[in-house]
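Residue numbers (this note's numbering), protein chains in the order written: chain A, 1 to 662; chain B, 663 to 830.
Misleading hints may appear alongside valid ones.
The list that follows gives simulated cross-link-like pairs (lysine-lysine, DSS-like), each with its CA atoms no further than 27 Å apart [stated by the list, open to error]:
id: 1; chain 1: A; residue 1: K414; chain 2: A; residue 2: K525
id: 2; chain 1: A; residue 1: K267; chain 2: A; residue 2: K337
id: 3; chain 1: B; residue 1: K716; chain 2: A; residue 2: K382
id: 4; chain 1: A; residue 1: K414; chain 2: A; residue 2: K267
id: 5; chain 1: B; residue 1: K699; chain 2: B; residue 2: K716
id: 6; chain 1: B; residue 1: K699; chain 2: A; residue 2: K525
Don't read these hints as lab results, they were simulated from the structure.
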Amino acid sequence: MIAELGHYALMLALGLALIQGSLPLVGARSNDAVLMSMATPAALAQFVFVALSFAALAVCYVTSDFSVLNVYENSNSAMPLIYRLTSIWGNHEGSMMLWVFILTFFGALVAVFGNNLPVKLKANSLAVQAWIAAAFDLFILITSNPFLRIPNAPFEGRDLNPILQDPGLAFHPPMLYLGYVGFSIAFSFAIAALLEGRIDAAWARWVRPWVLGAWMCLTLGIAGGSYWAYYELGWGGYWFWDPVENASLMPWLAGTALLHSAVVMEKRGALKVWTILLAILAFSLSLIGTFLVRSGVLTSVHSFATDPTRGVFILAILAIFIGGALALYAARAPLLKQGGLFAPISREGALVFNNLFLTSACATVFVGTLYPLALEALTGAKISVGPPFFNLTFGPLFVPLLLAMPFGPLLGWKRGDLLAAAQRLLAAALLAAVAIAASFALQRGGPVLAPFGVGLAIFVMAGALIDLAERTMILRVPFGAALRRAAGLPRSAWGTALAHFGIGVTLLGIVAVTAWGSERIAAIKPGDTVEIAHYRLTFDGLFERPGANYHELVGHFTVRRMSGELLGAMEPSRRTFPARNMATTEAALMSRRFSQLYLSLGDPNPDGSVAVRLYFKPQVLLIWLGALFMFAGGALSLSDRRLRVGAPRRAKAPAAALQAAE
Amino acid sequence: MSAVATARLRLLLPATLAVALVLLLAAVAPLRAVEPKEMLANPILEARARTLSKELRCMVCQNQSIDDSDAPLAHDLRLLVRERLKAGDSDAQVLDFLVARYGEFVLLKPPLSWHTAALWGLPPALLILGIATIVVVLRRRRAAPLTETANLSAAEEARLANLMREEG
Chain A
1 MIAELGHYAL
11 MLALGLALIQ
21 GSLPLVGARS
31 NDAVLMSMAT
41 PAALAQFVFV
51 ALSFAALAVC
61 YVTSDFSVLN
71 VYENSNSAMP
81 LIYRLTSIWG
91 NHEGSMMLWV
101 FILTFFGALV
111 AVFGNNLPVK
121 LKANSLAVQA
131 WIAAAFDLFI
141 LITSNPFLRI
151 PNAPFEGRDL
161 NPILQDPGLA
171 FHPPMLYLGY
181 VGFSIAFSFA
191 IAALLEGRID
201 AAWARWVRPW
211 VLGAWMCLTL
221 GIAGGSYWAY
231 YELGWGGYWF
241 WDPVENASLM
251 PWLAGTALLH
261 SAVVMEKRGA
271 LKVWTILLAI
281 LAFSLSLIGT
291 FLVRSGVLTS
301 VHSFATDPTR
311 GVFILAILAI
321 FIGGALALYA
331 ARAPLLKQGG
341 LFAPISREGA
351 LVFNNLFLTS
361 ACATVFVGTL
371 YPLALEALTG
381 AKISVGPPFF
391 NLTFGPLFVP
401 LLLAMPFGPL
411 LGWKRGDLLA
421 AAQRLLAAAL
431 LAAVAIAASF
441 ALQRGGPVLA
451 PFGVGLAIFV
461 MAGALIDLAE
471 RTMILRVPFG
481 AALRRAAGLP
491 RSAWGTALAH
501 FGIGVTLLGI
511 VAVTAWGSER
521 IAAIKPGDTV
531 EIAHYRLTFD
541 GLFERPGANY
551 HELVGHFTVR
561 RMSGELLGAM
571 EPSRRTFPAR
581 NMATTEAALM
591 SRRFSQLYLS
601 LGDPNPDGSV
611 AVRLYFKPQV
621 LLIWLGALFM
631 FAGGALSLSD
641 RRLRVGAPRR
651 AKAPAAALQA
661 AE
Chain B
663 MSAVATARLR
673 LLLPATLAVA
683 LVLLLAAVAP
693 LRAVEPKEML
703 ANPILEARAR
713 TLSKELRCMV
723 CQNQSIDDSD
733 APLAHDLRLL
743 VRERLKAGDS
753 DAQVLDFLVA
763 RYGEFVLLKP
773 PLSWHTAALW
783 GLPPALLILG
793 IATIVVVLRR
803 RRAAPLTETA
813 NLSAAEEARL
823 ANLMREEG
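When you get a sec, could you build the whole thing from the sequences and use the hints?
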């Protein structure tokens, strides 16, 4: 009964989406306020029904209702409650439900918090939002229905893939989808603006909080997924340039570019046409990402061709939304007025530079990810495009971007003074030079480029701090006055500095772990020791431990410093899940400040020895700490009153708010 | 529970445990990636083998190098790479040997050829195109400066004034 209710609620949501997608649109064309006002209640009701539908599916999972096919295939009554809940989106059908749930959630947020929007813009964008929802509702109902029943209900479910039975599943997909789907708001606003044929700086102000929120979630989602892969997959890699990862990186790159171009549009009225295009692209890439992951096209072009129903459906969604949006853009963009002239060396210029490299990087990932698919479909030739390609093409694009990053915030709007900015950054450059020299002196036989990577990271971090120091004038005015200036600084300025600082932190982590990480692979017996960096691990033996729905073979290791000081124990294990007869490797991690010891267990051999892989990952935690900084920076910016209220703020007295212009 | 039953249970327990352990070990997949017994004694050769392994695709896996994969094919390829290295092949010879056997699909970094020209060419081409576009747009706009944005309508002026008042 519950499943049928969920199914029915989803159909009602589809009906509401169709209403929301048509009436307000007609209203906006004919200036009919009543029709336009339909959008808000429709969006709210749609959210309520999708939420009901999602809740129904959740109830089926929690109560282990194996008469529902989707629950039978992906759950098991022995699983802890948290995994029974998270397995809702651990499969195709459920994850599409989550997608639509988040989509309508955002629609409802616009309906509730969009009261300060022009009536037409709100009606049009909610209508566009509803088209997307309708398309995905249909997709679920026709090709991916999670509410289908099995005639004779089995007693037990087939279990969730053990690799997914991890807290990471509770966090990673929802955050990722909040990001992906969050860009749909920017997309809807862009289409609405194009439909109306007018767009101004205020548009950017309304869109920015949504873009920022989506970007924050995506940042955290990607970082979370990276850490999950790092500890779960057993060899300590944090980024594999896998197409599935690239699918989330592309919207992030486009979204980051959008975030920056929207600033120019809001403050200076320039780059309108470009910002609209980026808004369309960011969400289009999210859709393409969904297509790549969900259609099966990645496994092989041929497996896609053998069961094409889902793939073709998503392909049709892609063609309609991306093609339609770009066609509308091509028709309307030339009509949009350009404004805000600026010199090449200026804050605007720096942000254009940022956009140039971010979009080029995004295009590189796009080409590298889709080229093998296209080539095979067209010529039948099979090639692989893997990490070596991306490291060679993506890396060089990010170096100029990061070198230029500290300059941007120090340049004035309209016309900037590059020399003055360079002088201010002198301290950062000196610090970077010291770091490079020190890294060269300390590293023994590491790669030649690594110290320069460290230097770049230090330059970026110091640059962010100098930006703050300049704004508060901490070195030039008395301390009390500087504090007052700091308090008067817009939060978005703090946010920018914090996020930019975070990029440097992440880079530092990547460089350190790539250049100076070490690895030991050995077959050892109880009593043997393995040494790595300045640590010594003693293998004490294997023992068995029962788990909720698995057996575990655990290795016990005692960790000491080379000096003999006891640091603790590490217990890597191998879990066997009887329901699917599958095994997972659970690596043991020991954090030493930002570095980690990483130990994973292999096969016990017949002679009583066991294979182990031991890694020392220097400064590895900085990679994800940097992402947290970026998230926090975004959150600070988002909490800025100017963004929240969505209204311009007048600079009060000249004393307190000379900084008002960002 | 009778004494006999308890005694029988005591006998039974280790037996079931042992069976469970055997089943457990049988179910456990082989160690991920490079195994100790695969490794070469010569550290220089081994290091070369590792570097090469990272550039070779495990063809039955989804986007994994043979260095990362635990598939039996990856194991065989790792041994093959090491055999060729021990036989005195150069890195390029090893790669050629594998390409001759398995096709270009085995290389994670596709070599430059006619059908990968667009792959390698597009990223720099797009960057150059972007720079060119920006230069042209900036030049054109400097030559013919546009007027600032259109004036606000009366209703918008009123709204703006309202907002400014609210903000104080």
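For a C-alpha distance cap of 27 Å, please report whether K699/B and K716/B respect it.
19 Å, holds
Sort out whether K267/A lies within 27 Å of K414/A, counting only the CA atoms.
11 Å, holds
Given hint K337/A paired with K267/A - CA-CA distance at most 27 Å:
Between K267/A and K337/A the Cα gap is close to 16 Å, so the pair holds against 27 Å.
Taken at face value, is the distance from the CA of K525/A to the CA of K699/B at most 27 Å?
14 Å, holds
Would the hint linking K716/B and K382/A be met if the CA-CA limit is 27 Å?
19 Å, holds
Check whether the Cα positions of K414/A and K525/A lie no farther apart than 27 Å.
69 Å, violated
In this structure, only the earlier hint numbered 1 is contradicted, and the remaining ones agree with it.
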